[in-house]
Amino acid sequence: MDEAAHSMNDPILKVEHLSMKFGGLVAIGDLSFEARRGEITALIGPNGAGKTTVFNCITGFYKPSEGMITLTRKGGEQLLLERMPDFRITAKAKVARTFQNIRLFSGMTVLENLLVAQHNKLMLASGFTVLGLLGLGTYKAASAESIELAKFWLEKANLVDRADDPAGDLSYGAQRRLEIARAMCTEPELLCLDEPAAGLNPRESAALNLMLNDIKENSGASILLIEHDMSVVMQISDHVVVLEYGRKISDGDPISVKADPRVIAAYLGVDDEEVEEVLVEVGDEQVIEQLDAEPDRAHGPSDSSSMMAGSVSDTISHSDDYGERITVSRSASKADQVDRRAAKAASTPPVTAEPVKVAKAPGKAKTVKPAASAKPATNVSRPTAAEKTRPATKAAPAYGLTGTVTSGKPAPAAKSGKAAAAKPSVAQAAPAKPKASAKPAAAKSVAGKPAAAKPAAPKAAAAKPKADAKKPAAAKKAPALSNTLKAPRGGKADRLILIKGIGPVNEKKLNQHGIYHFDQIAAWKKADIEAAEAYLAFDGRIEREDWMRQAKELAKQGATKPAAAKRGGRK
Amino acid sequence: MAVNTTGSEKAANATSNVFNNAIREGLYAGLIAFGLFVLLVGLKTDQNIRNELVIVQRWGLLAIMVAIAAVGRFAYIAYLVPEIERRRRAKAAAPVAVSDEESFLKRNLNTIGLVFLFLFPVIVVMTSGLQGSLKWIDNFGIQILIYVMLAWGLNIVVGLAGLLDLGYVAFYAVGAYCYALLGTEFGWSFWILLPAAGAMAAMWGIILGFPVLRLRGDYLAIVTLAFGEIIRLVLINWREVTNGVSGISGIPKVSFFGLFTFNVSDPNYIAKVFDIPTSGVYYKIFLYYLILLLCLLTAFVTMRLRRMPVGRAWEALREDEIACRSLGINTTNTKLTAFAIGAMFGGFAGSFFAARQGFVSPESFIFLESAVILAIVVLGGMGSLTGIAIAAAVMIGGTEILREMQFLKLVFGPSFTPELYRMLLFGLAMVVVMVWKPRGFVGSREPTAFLYKRKAVSSAFTKEGHG
Numbered sequence: 317m318d319e320a321a322h323s324m325n326d327p328i329l330k331v332e333h334l335s336m337k338f339g340g341l342v343a344i345g346d347l348s349f350e351a352r353r354g355e356i357t358a359l360i361g362p363n364g365a366g367k368t369t370v371f372n373c374i375t376g377f378y379k380p381s382e383g384m385i386t387l388t389r390k391g392g393e394q395l396l397l398e399r400m401p402d403f404r405i406t407a408k409a410k411v412a413r414t415f416q417n418i419r420l421f422s423g424m425t426v427l428e429n430l431l432v433a434q435h436n437k438l439m440l441a442s443g444f445t446v447l448g449l450l451g452l453g454t455y456k457a458a459s460a461e462s463i464e465l466a467k468f469w470l471e472k473a474n475l476v477d478r479a480d481d482p483a484g485d486l487s488y489g490a491q492r493r494l495e496i497a498r499a500m501c502t503e504p505e506l507l508c509l510d511e512p513a514a515g516l517n518p519r520e521s522a523a524l525n526l527m528l529n530d531i532k533e534n535s536g537a538s539i540l541l542i543e544h545d546m547s548v549v550m551q552i553s554d555h556v557v558v559l560e561y562g563r564k565i566s567d568g569d570p571i572s573v574k575a576d577p578r579v580i581a582a583y584l585g586v587d588d589e590e591v592e593e594v595l596v597e598v599g600d601e602q603v604i605e606q607l608d609a610e611p612d613r614a615h616g617p618s619d620s621s622s623m624m625a626g627s628v629s630d631t632i633s634h635s636d637d638y639g640e641r642i643t644v645s646r647s648a649s650k651a652d653q654v655d656r657r658a659a660k661a662a663s664t665p666p667v668t669a670e671p672v673k674v675a676k677a678p679g680k681a682k683t684v685k686p687a688a689s690a691k692p693a694t695n696v697s698r699p700t701a702a703e704k705t706r707p708a709t710k711a712a713p714a715y716g717l718t719g720t721v722t723s724g725k726p727a728p729a730a731k732s733g734k735a736a737a738a739k740p741s742v743a744q745a746a747p748a749k750p751k752a753s754a755k756p757a758a759a760k761s762v763a764g765k766p767a768a769a770k771p772a773a774p775k776a777a778a779a780k781p782k783a784d785a786k787k788p789a790a791a792k793k794a795p796a797l798s799n800t801l802k803a804p805r806g807g808k809a810d811r812l813i814l815i816k817g818i819g820p821v822n823e824k825k826l827n828q829h830g831i832y833h834f835d836q837i838a839a840w841k842k843a844d845i846e847a848a849e850a851y852l853a854f855d856g857r858i859e860r861e862d863w864m865r866q867a868k869e870l871a872k873q874g875a876t877k878p879a880a881a882k883r884g885g886r887k
Numbered sequence: 033m034a035v036n037t038t039g040s041e042k043a044a045n046a047t048s049n050v051f052n053n054a055i056r057e058g059l060y061a062g063l064i065a066f067g068l069f070v071l072l073v074g075l076k077t078d079q080n081i082r083n084e085l086v087i088v089q090r091w092g093l094l095a096i097m098v099a100i101a102a103v104g105r106f107a108y109i110a111y112l113v114p115e116i117e118r119r120r121r122a123k124a125a126a127p128v129a130v131s132d133e134e135s136f137l138k139r140n141l142n143t144i145g146l147v148f149l150f151l152f153p154v155i156v157v158m159t160s161g162l163q164g165s166l167k168w169i170d171n172f173g174i175q176i177l178i179y180v181m182l183a184w185g186l187n188i189v190v191g192l193a194g195l196l197d198l199g200y201v202a203f204y205a206v207g208a209y210c211y212a213l214l215g216t217e218f219g220w221s222f223w224i225l226l227p228a229a230g231a232m233a234a235m236w237g238i239i240l241g242f243p244v245l246r247l248r249g250d251y252l253a254i255v256t257l258a259f260g261e262i263i264r265l266v267l268i269n270w271r272e273v274t275n276g277v278s279g280i281s282g283i284p285k286v287s288f289f290g291l292f293t294f295n296v297s298d299p300n301y302i303a304k305v306f307d308i309p310t311s312g313v314y315y316k317i318f319l320y321y322l323i324l325l326l327c328l329l330t331a332f333v334t335m336r337l338r339r340m341p342v343g344r345a346w347e348a349l350r351e352d353e354i355a356c357r358s359l360g361i362n363t364t365n366t367k368l369t370a371f372a373i374g375a376m377f378g379g380f381a382g383s384f385f386a387a388r389q390g391f392v393s394p395e396s397f398i399f400l401e402s403a404v405i406l407a408i409v410v411l412g413g414m415g416s417l418t419g420i421a422i423a424a425a426v427m428i429g430g431t432e433i434l435r436e437m438q439f440l441k442l443v444f445g446p447s448f449t450p451e452l453y454r455m456l457l458f459g460l461a462m463v464v465v466m467v468w469k470p471r472g473f474v475g476s477r478e479p480t481a482f483l484y485k486r487k488a489v490s491s492a493f494t495k496e497g498h499g
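Residue numbers (our numbering), protein chains in the order written: chain A, 317 to 887; chain B, 33 to 499.
No wet-lab data here; the hints were simulated from the structure. C-beta atoms are modelled at their ideal positions from N, C-alpha and C, and glycine is treated no differently. There's no promise every hint is true.
To be verified - Straight-line distance between alpha carbons at most 30 Å, and here's what the computed BS3-like set of lysine-lysine pairs gives:
no.: 1; chain 1: A; residue 1: Lys330; chain 2: A; residue 2: Lys437
no.: 2; chain 1: B; residue 1: Lys285; chain 2: A; residue 2: Lys437
no.: 3; chain 1: B; residue 1: Lys495; chain 2: A; residue 2: Lys437
no.: 4; chain 1: A; residue 1: Lys472; chain 2: B; residue 2: Lys485
no.: 5; chain 1: A; residue 1: Lys472; chain 2: B; residue 2: Lys495
no.: 6; chain 1: A; residue 1: Lys467; chain 2: B; residue 2: Lys495
Stated by the list, open to error - Where chain A lies over chain B, by a calculated footprint (3+ residues, C-beta under 8 Å):
no.: 7; stretch: 206 to 217
no.: 8; stretch: 342 to 351
no.: 9; stretch: 357 to 369
no.: 10; stretch: 388 to 398
As the list claims (entries may be wrong) - Here are some chain B residues the structure puts well away from chain A; computed CB gaps all over 10 Å:
no.: 11; residue: Phe66
no.: 12; residue: Asn142
no.: 13; residue: Val266
no.: 14; residue: Glu432
Construct all of the structure, not just a fragment, from the sequences and the given hints.
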């Protein structure tokens, strides 16, 4: 019993200091983790995090640049996977895998697919074809046995009545199951599944969960899993490793990983505005450039030919220190942003629940020194400092710039102006900023902020990362508007998007702040407009587009016609 | 009764409609043809005796072309289209259950074919006499069967393993020269040299296989093509051994395991042993049965191998190489066995070829041969033995039969030599088959194992391989 428990907990797979570089691109950087025997270990992370690359390294399709991958067989034999060719890893180390894009032998029948998987066993039984060709030896018996094994897995995969159909004829979900069954026919000790639930509907996904649990419990195979479908990951995995940009950002049981703010940031991202704020603060030159002008072609996706091309490519910059080497800029990692923000928040003096609504250009354009000051706090505490650092003459042209920027996205012009002004000093300050360890810092940040009055339970943190960890915006700014409502009158809000200039996003924001009806907008006074502009990140637009007049007209119409009719008429 | 009349009236209406339509379409087609051809065909620039440019008017020819276009279009719309429609409707209306049972011919195709092949020399000798049968047995029977064997050998490499090999004729050459050189130099028997030639070709298959293991698709095709040319050029230029372009003659004939021979001067010449009239046909008949048995050996081994793990691995390799590796299959060895076994059958065919011709020269092993063999494999349907045999019979037999079509001289004039058009026929046949059946005569694939019922896998699912 004791021994069994011991063997259950020893790692079947140990990845140590694994690095994989493609040319100069670091796809995996110094990754270490363990998968324990008899468990389901999930490897998760946003797109391009390097999960599949890890798989390819484990299964020998890539040779890692550095690092050691040790697999311990049931007998205690240890094998170094990075030294073995791919087919030997399956044959000898008993690691089987499936593929993200299904790779079945589509022109062979379902049964044949499973027989091919038993190639090595049958090859031996047929005396490397020679004896089998002559009809000697044990091939016949081995062949019958292999069909029995295939049948066993077909039953598990619920495909036994399709056994004689071509694999390419199966539906997508069935193909996924067949691929797993095929991998299991190699009788693996470690089963690596690359996104097995991708493209499955909820029912199929649930069936897959059952199948994987069954494999775990009955076949003695441990499972390593890449998955995007969180329901699968959280339900069945015993252990979760989270990657972002090739680095491990979290490792532990599903519940603790779920609550990790770094994971949340990596997955859900930080609010666009906040990302910009953070990036500007840490002096990410690209963002500053972007705000200043067109994005640089050199960072466009077309220039990157790596497998991480696309969204990630523009976060990669060539740094001179490493010559050829391409590194992911620090600011690209959302998890790092959380770290930095947490570090910043920790060093900020606590701010009482004071309405910081006057987030106007001068207020926001705070200086960078001290770099570790938290944003909302600085806005209030140092308006004068900002004025000092930036001459008023500079503020005017910065304002002029806003028109162009806001049309593209609602980035506050003030910010962009500030970014331009602050650029030299910020850029220097950034690298010097220390990177705090995440968890304690996050906890502190929560404690330090007014919104932390809420119980800082992990659940809450997971559900509303923005609310307590980052931006206490809503709670604080709401009182700025004079005529807010707790809920829409009659339980039904007017469709604010009917006002020219209000999109669905802004409608939502307004609703959050208690603005539900046209007459509310129509009754806005100057102070209200300013406040609204501040958190919609519009400046001058409300007046320019004359929302109040529009709202008045719409309110009048609304009074005469029922809302439904109006909606129909509009469409 | 009333219904009947209205029905027939309707039908009459429909026909008159179709005819009106067809006449209109025909007129349009004629007009378009006239517009197209009036300058291209109706007028022709030429030189007269004084080297002056003159315009020749060819209204007659133009009229013929326009008439062909108009009448053709009319016939197509008026007769062909309704006929096709009618057939399609009849097909759709026919009960499905009937098609379930295959016809007797289809079910027993292989058996009938085999019986026919074994009886072929007897039939031919009986119908056209001893001397007259020579042509049919040699030019048709043996020639076709050599190509069947070659194509079945290449089928292992291309059809099963999905490795595109454009230099297959190299192994044919290795086998032929192996028998020619060892047979003339050391006087070894065919029965020793046949396996030796096969082994030698297999070895060359592995030698070729090694460097190209990592290549796929077009790259593999080019390298194998180059390999075929290298072998041929070596045969041409290594005069001390191969006698260059002059080739090797006087290759010993095959004997019937030494019991009797086919040399008239030998004491145990077949005619003397059996006391029958002297004739060259005996040797051809013997060779016919020999190549038939060699073909059957190839077919047997191929079918057997398909049911073995290595055969399944070949097909899996064709379907998806990466998945193969993920299942622990050593793709290197798998590819090499495919190359080696395919080459071995090429070598067998080569040594048989040398024994049959009595003479080999590099001219027999040009790239065109590789292309023809590959074309047979593709036309027959990659992986299908029956389809390939049919394709070989059609392609090789078809080009041979052109020689017999002397009546064509009556049509095209006495200077017409039909056999010069065999490549045209070859190309035409390929185009037709590829349009009609893009995956070859037999596109579907027989599964190698089944749980409940053997169902052919439609060609829609099988892959051609990527090299």
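Quick check: which numbered hints come out false for this structure? 2, 7 and 10
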